[in-house]
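Residue numbers (numbering that gives the first Met the number 0), protein chains in the order written: chain A, 0 to 430; chain B, 0 to 430.
Honestly, the hints are just simulated from the structure, not real lab data.
Each hint should be verified, as a subset may be incorrect.
Note: identical chains are not told apart, hence a pair may lie in one copy or across any two.
Stated by the list, open to error - Below, computed lysine-lysine pairings styled on DSSO-like, alpha-carbon distance capped at 27 angstroms:
#: 1; residue 1: 61; residue 2: 35
#: 2; residue 1: 325; residue 2: 315
#: 3; residue 1: 267; residue 2: 371
#: 4; residue 1: 249; residue 2: 267
#: 5; residue 1: 399; residue 2: 108
#: 6; residue 1: 242; residue 2: 103
#: 7; residue 1: 344; residue 2: 315
#: 8; residue 1: 325; residue 2: 277
#: 9; residue 1: 90; residue 2: 385
#: 10; residue 1: 235; residue 2: 249
There are 2 protein chains.
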Amino acid sequence: MIAKKWSAMTVEIISVGTEILLGNIVNTNAAYLSEKCAGLGLSCYYQDVVGDNEERLFETIKLALSRADILLLSGGLGPTQDDLTKEVAAKAFGKELYLHEETKEAIRKFFEERGLEITDNNWKQAMVPEGCIVMENPNGTAPGIIMAQDNKHVVLMPGPPNEMVPMFETSVMPYLSRLQSCVIYSQTVKICGVGESKAESMVSDLIAAQTNPTIATYAKTGEVHLRVTARAEDEKEARKLVKPMIKDLKGRFGNHVYTTDDEVTLEKAVVDLLAANKLTACTVESCTGGMLSARLINVPGVSEVFKTGYVTYSNKSKRRLLGIKKNILLKHGAVSEQIAREMAKTAAMLAKTDVCVSTTGIAGPDGGTPEKPVGLVYIGCNVRGKITVKECHFSGSRSKIRESTVSAALSLMRQCILEYYSEVTFGGKEK
Amino acid sequence: MIAKKWSAMTVEIISVGTEILLGNIVNTNAAYLSEKCAGLGLSCYYQDVVGDNEERLFETIKLALSRADILLLSGGLGPTQDDLTKEVAAKAFGKELYLHEETKEAIRKFFEERGLEITDNNWKQAMVPEGCIVMENPNGTAPGIIMAQDNKHVVLMPGPPNEMVPMFETSVMPYLSRLQSCVIYSQTVKICGVGESKAESMVSDLIAAQTNPTIATYAKTGEVHLRVTARAEDEKEARKLVKPMIKDLKGRFGNHVYTTDDEVTLEKAVVDLLAANKLTACTVESCTGGMLSARLINVPGVSEVFKTGYVTYSNKSKRRLLGIKKNILLKHGAVSEQIAREMAKTAAMLAKTDVCVSTTGIAGPDGGTPEKPVGLVYIGCNVRGKITVKECHFSGSRSKIRESTVSAALSLMRQCILEYYSEVTFGGKEK
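Required output: the full structure, derived from the provided sequences and hints.
What follows is the structure in structure tokens.
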């Protein structure tokens with residue numbers, strides 16, 4: 000018998016919760032699950048959102064079962080009477096619920112460890128459908144459920160992302176992988192300092208010719224991610240297919256590739272680069288007002304390299320804190336190549352760090368002029384006295400301009416450090 | 000004839016785009032439209048996401064027409080062959096498309112103004128269904144469309160949020176308002192410094208007794224929003240119903256109410272409070288690493304009050320930049336009431352500002368101890384020498400703990416400034 004081809008399997012994502020229908024929360028679960036499914040090579044044709052309503056939820060599940068092989072549901076597994084997902088999904092498969100002793104024990108333990116009192120309705124969460132797979136939930140009291148019947152698979156996960164995401168990664172991904180007649184393996188090449196359309200044009204020949212592996216491009220603020228996905232009989236074979244494509248992409252994008260590790264963010268790549276070269280860093284921000292230091296400090300363990308951040312938003316603080324001369328400010332204006340340079344120079348001296356990045360720009364909505372329009376930003380980077388300043392023109396809202404600036408600043412930091420060392424190694428030292 | 004009651008009208012939100020199904024973007028449009036519909040008193044029972052596929056889109060529209068009065072679609076109005084929403088929606092209503100001269104002219108102008116060349120496929124966007132209402136799109140080339148037939152209303156909007164949101168507010172909201180046999184009016188009471196469950200318990204009697212107006216609570220990080228919505232024959236009457244409830248809520252939550260204006264954020268309320276009292280401010284951050292200053296600086300015009308931000312992440316920078324004594328750091332540790340106090344004291348002197356807020360805490364995932372666990376945060380606030388320090392215990396991821404800290408810091412700033420002035424007025428001055 001030929002097993003159903005993985006590539007032909009389809010998934011439907013159903014998010015359950017009245018709070019989503021009220022616009023109270025943004026449905027990030029659906030985006031997360033969709034991205035993961037795409038990575039697994041599953042085709043998703045529909046996402047649905049439905050409230051905690053028995054009839055409408057039942058109809059939604061029935062419809063999804065008629066058009067998809069795998070249903071991924073999140074939400075509606077709580078202890079209240081409103082939470083109906085498990086009951087309705089069991090009904091759609093004609094299954095009864097029974098008390099699952101292990102889950103009951105896990106719930107008891109969860110409450111005990113936190114010194115909380117268990118109320119009677121909590122035991123509702125220990126009821127599971129006959130013949131299902133129960134998935135542990137170390138981050139909450141609702142267990143996950145997988146039901147399978149007639150080649151249809153229904154996966155129930157709790158709604159809170161901090162419970163759903165670990166459960167998906169630990170239990171659902173391996174289950175979905177076992178369904179397939181082949182192995183899917185993907186790896187992402189993350190690029191900075193190259194625009195989306197340029198990146199796409201640089202791989203258009205690969206995309207046009209792609210069969211296995213495939214390449215998908217994802218545009219992020221200031222970054223482009225290229226995901227290479229291969230199908231094969233086993234993982235070793237799939238990795239073998241992915242490897243030359245990764246090598247090809249690395250060759251095309253050179254130093255713009257900051258990682259091929261899914262877990263590494265741009266700020267982590269920068270922090271790692273600083274640490275690897277035993278460099279300390281500081282930031283001095285005007286228009287980004289702390290967003291750049293905040294992003295660096297989101298990397299655990301950053302204290303080894305990041306020392307100080309200055310937010311010199313006013314001209315006065317640029318003068319007082321950094322000692323930038325009034326006449327330079329008056330002559331060139333706070334948003335200028337010269338001030339970005341002065342900021343990067345003086346802050347590095349003040350904080351006694353090897354590297355310093357500065358930002359100054361017009362984030363809007365007001366403050367633009369014909370000469371210096373909203374979106375004009377200068378970013379300075381000082382690596383041991385060698386200062387580079389980049390002029391950027393961003394568009395969008397005040398937040399968008401500031402986010403673009405932060406990404407560009409991280410990108411520039413990386414580039415300047417790499418250049419500094421390549422010069423020292425290849426040009427600066429005598430052989 | 001009795002017009003159909005507004006409260007009985009239902010809406011279904013359909014987002015069209017393969018990029019959503021790939022998890023490439025998060026569906027913020029659906030959350031935005033849902034929240035707006037809830038505000039208008041419309042009931043939303045389903046949100047759907049479907050790709051740019053003729054057959055599946057047609058089935059989705061047909062199903063939605065069978066179960067909702069109003070369909071709000073976004074996406075799929077672009078100039079390429081993939082963009083099918085208009086064609087498929089017209090087909091569902093049995094309508095032909097024709098060339099809309101005004102739209103053609105608007106597109107021509109849009110390109111001319113930007114010095115861009117028009118390609119032939121752009122004229123596809125000037126084709127509209129017979130008998131429809133065409134909505135202008137000043138931010139793009141795809142016009143919006145409203146079709147109505149047999150008491151069903153189909154609204155087509157472009158996918159990019161910066162085009163969809165203005166179009167919804169300018170053209171779709173008034174259209175939906177005209178459909179109703181009564182007026183819906185709502186106002187939001189925004190509260191800080193009170194937990195979600197406490198806030199809910201403080202209004203549970205009102206919620207239990209609610210008919211018209213209704214109250215809905217929305218929990219945000221560090222904030223709770225209470226939305227009061229009334230239905231009446233005209234706006235004047237609806238406002239009259241809302242007013243006493245707002246007054247009641249203001250009485251219950253007192254100074255914790257920071258605004259009743261939908262447009263005002265917590266950071267804007269703080270900036271306005273500073274400006275109204277002619278106070279200048281600075282920030283000095285450890286665990287939040289610039290997030291607090293970044294949030295304040297997201298308020299346009301903040302330069303009047305915000306002067307300088309310090310990110311003193313390392314102990315060395317706390318000593319060097321702020322001059323905090325080594326023995327105090329050693330004795331109490333960087334995460335302590337004393338250091339939060341020292342930070343708020345020294346940074347205010349250094350930056351010469353009236354107000355200074357400090358943060359120091361353990362954001363995790365590492366660095367926690369039994370005495371000082373992950374999530375322990377101290378926030379200091381200095382208003383003209385009067386320093387208050389608050390100890391907080393937050394939970395969640397590193398980002399979540401840092402976000403909670405920022406909201407709590409803004410809340411504390413507000414509270415300390417209000418207390419400072421009430422003391423000066425009622426206690427500090429002789430009468």
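Cross-check of the supplied hints:
{"no.": "1", "hint": "61 - 35", "in the structure": "within (24 angstroms within a copy, 29 angstroms between copies)"}
{"no.": "2", "hint": "325 - 315", "in the structure": "within (9 angstroms within a copy, 30 angstroms between copies)"}
{"no.": "3", "hint": "267 - 371", "in the structure": "between (33 angstroms within a copy, 26 angstroms between copies)"}
{"no.": "4", "hint": "249 - 267", "in the structure": "within (19 angstroms within a copy, 45 angstroms between copies)"}
{"no.": "5", "hint": "399 - 108", "in the structure": "between (45 angstroms within a copy, 25 angstroms between copies)"}
{"no.": "6", "hint": "242 - 103", "in the structure": "neither (46 angstroms within a copy, 49 angstroms between copies)"}
{"no.": "7", "hint": "344 - 315", "in the structure": "both (17 angstroms within a copy, 20 angstroms between copies)"}
{"no.": "8", "hint": "325 - 277", "in the structure": "between (35 angstroms within a copy, 24 angstroms between copies)"}
{"no.": "9", "hint": "90 - 385", "in the structure": "neither (69 angstroms within a copy, 63 angstroms between copies)"}
{"no.": "10", "hint": "235 - 249", "in the structure": "within (21 angstroms within a copy, 65 angstroms between copies)"}
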